[in-house]
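Chemist: Residue-level listing of the chains:
Protein chains: 2
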Amino acid sequence: MGKKNKQFVEKITAMEDDFAQWYTDVVKQADLVDYGPVRGTMIIKPEGFAIWENIRGELDRQIKETGHSNVSFPLFIPESLLQKEKDHVEGFAPEVAWVTHGGEEELNERLVVRPTSEALFCEYYSKNIHSYRDLPMLYNQWSNVVRWEKTTRPFLRSLEFLWQEGHTAHATYEDAEAEADKMLDVYADVVENHLAIPVVKGRKTEKEKFAGAKYTLTIESLMHDGKALQSGTSHHFGSGFAEAFDITYLDENGEQQHVHQTSWGITTRLIGALIMVHGDNRGLVIPPKIAPTQAMIVPIAQHKEGVLDKAYDLRDRLQNLARVDIDGSDKMPGWKFNEYEMKGIPVRIEMGPKDIEKEQVVLVRRDTGEKEFISLDELEERLPALLDEIQTNLYQKALAHRNEKTSIAKNMEEFEQKLEENPGFIKAMWCGDTACEEKIKEETTATSRCIPFEQETVSETCVCCGKEAKELIYWAKAY
Amino acid sequence: MGKKNKQFVEKITAMEDDFAQWYTDVVKQADLVDYGPVRGTMIIKPEGFAIWENIRGELDRQIKETGHSNVSFPLFIPESLLQKEKDHVEGFAPEVAWVTHGGEEELNERLVVRPTSEALFCEYYSKNIHSYRDLPMLYNQWSNVVRWEKTTRPFLRSLEFLWQEGHTAHATYEDAEAEADKMLDVYADVVENHLAIPVVKGRKTEKEKFAGAKYTLTIESLMHDGKALQSGTSHHFGSGFAEAFDITYLDENGEQQHVHQTSWGITTRLIGALIMVHGDNRGLVIPPKIAPTQAMIVPIAQHKEGVLDKAYDLRDRLQNLARVDIDGSDKMPGWKFNEYEMKGIPVRIEMGPKDIEKEQVVLVRRDTGEKEFISLDELEERLPALLDEIQTNLYQKALAHRNEKTSIAKNMEEFEQKLEENPGFIKAMWCGDTACEEKIKEETTATSRCIPFEQETVSETCVCCGKEAKELIYWAKAY
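Residue numbers (the UniProt record's numbering), protein chains in the order written: chain A, 1 to 479; chain B, 1 to 479.
Only chain A is shown next, with the shape it has when bound in the complex:
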């Protein structure tokens, strides 16, 4: 037995015992990532990257469908350019990597390795937008960015990560507003309908908004341990960057106007989210729509004549219905079961001599562990239907979990008690004062996740100061 097989019997830590260790065990045992030689960097291995390719593929399709074009902007930003928008540079300068030498020479001006590319797109827009006819300008890029984080974890927070960043310029505030809303909807669709993760849509508070934004929209999801994860954000810049970078256009009346801008991004964090939402103590569980392999055929007693041939025939026959693979290696079936459970493949198809005789296969669901015997005649209809059922079930399970883990608090005593007893989202009213927000964070380590679009009045007064409440907030400890 090679070293490769052995790892699948090494038990992973139970999530109840140590969720952080469980997470680390899963990303490693499911072969998703390895650590790079520079602290906090990651190597995304084939099975991790294939998940990213599927997320990217669906999101890219929707980004193009909504009229955006992909582009490629440079990695380096001159220091002076980053400094043009004051809030923006203050937010990012403390956490960037600096290039100071090129070849054998010291540079006249230091370069920032992009932590995000607003400065570059703004500089470009200032040169390339002239008339209302040039608007809207709807750009997106898939790229790597670097943020010099102190504590890092694969996918969740890393020194370098992959993402897409959309950057758009519009004639009016309202146009930019519609764009920011539209892209948040696209994110919510991909995360809910493809990653099977329910989200709360809302707006960030002033304190939590993006550096340089007028406001930030967000989708927030809840992990299995009750901590929240910001899963995608969409920023409205108003004309702040346009004023700093002098991005103007001639309107239809011949008057000079500033553009209004947005930016929006999702990252490889989403892989972390799917692990922490769907995973269990046997490992990863991948929603069928983004699973690189949706069904794995495991031949049983494959040394018996005809079994392997039939199993390969089955693979060929199912190829156009789903992403089906086969493991015809000489490992024991039990090893293979463990391996593909760890890797979260939605369906296992078992086929042995008895099944061949009865013209059937066994389908085993990863999400529930349920087995069903299905005749070969019905398989082509059943497999896609089963994948749909799994997709729906994962979403429903995650939604039920989130609802269970969502509490209401009317005062700080309740807030702290519920956060302790049932860690998750706390819905509580807020007066709108940043002082209260900061106090809650100080006392509980929970942060405001968003001001949800779907407002309710769960009490009349601010959970913190008791003054008149302005709006409902979702609070949670967060990644």
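Watch out, some of these pointers could steer you wrong.
Pairs involving identical chains hold if they fit within one copy or between any two copies, as the list cannot separate such chains.
[As the list claims (entries may be wrong)] The calculated DSSO-like cross-link candidates involving lysine-lysine, where the alpha carbons are at most 27 Å apart (straight line), are:
id, residue 1, residue 2
1, K289, K64
2, K201, K410
3, K11, K127
4, K150, K439
5, K150, K310
6, K439, K11
7, K331, K127
8, K150, K127
9, K84, K214
10, K64, K28
11, K127, K28
12, K64, K331
13, K371, K418
14, K64, K310
15, K182, K64
No wet-lab data here; the hints were simulated from the structure.
Start from chain A and add chain B according to the hints.
Modeler: Positioned in the frame of chain A, the structure of chain B alone reads:
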């Protein structure tokens, strides 16, 4: 008239007058790139990036089909890691960007922004390869790399560029050899059959091989001005990197062995190649197979009733046959003709009131300028066939041009004369001595492009020293 239209009447420099300026004019007027704020960096605009997406799509398909997996490795390489393989660090260290500070702190060890990722993959392989069962390991990544070039030109030589880099590890020298060959064939297929650019396949001389390679295979193409462009390379490392990085495996007999490795890459340079091979004095010419838009419908007299509706109907009807777009803007048809010629769209479809009456359209080829009238009944058959014809014609034209521009030289006098009279490839025999290769470069500025796989004996003696010839070389001035 907006500023946008105006540019399409600005004449571009004729290629006969100043090829370099013609190139710069085309990349700009065809809206492919803009310059980034850091010297030598480029912004790839939507129409340039869409070409890259098509090249990438086809190549990625073939990379996967040949059994490789995509991964993502980090951007930063610790200085000490780059230094492990001596030839490699000597080749790259003078042209890298150095990160010296992260956040507000100076780093203990400088980091290199990857110029290529051998060091990272080798480090990973040394930790992850244990047994012959782990081999071959066939990885690829699509990424950005940085090389601190002194003189830069969009696509051809830039401080940062996009590429794919394959990195593989094999049990034997022969396995790695087969891999290096296979990937060169994949490159040749993509470049010849999709970019319509004929290539010469061969091996680089010792002097021209990749830093750290046992040998380098290359595909070389010839630009319109007679200069060569290295269009893709595939390196065999033998066990050199494996020894430096200690990458070993247990073979089937339980003995410790070093792996044998390859790497191979193609870059956004290919966009430069397609411009310089197919372009003409009216601008860009994109081969249909990789053209983001294959046919552009231009309505004529579109203010007349029904014209625009019919044109949009036509677009919808052709949508599944080819990548068809329509320009229904209020610009004059003449402007549109110029614009889409500049942008190299393979076919223009004109449709006006008379055509509607006659139930026909006019097809205009970008490559030859030929017009044909085709009845609507036949269009669905004709359009794909016409795109095929254009694809074939572009390849044949480029091949004929390369053949015309390929001379034979038997001595240095002939060499210099032919290089002067008919700039292009010079086929000449070589004794195998690097001194002759260097002398030729010094005297003519032509470099050895490759030792072609298809060898001929064009004379018995070395073109430079007159001693006994060992092999045929393709020489040329090169980008």
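Chemist: Run the structure past the numbered hints and jot down the numbers of the failing ones, going up.
Modeler: 5, 6, 13
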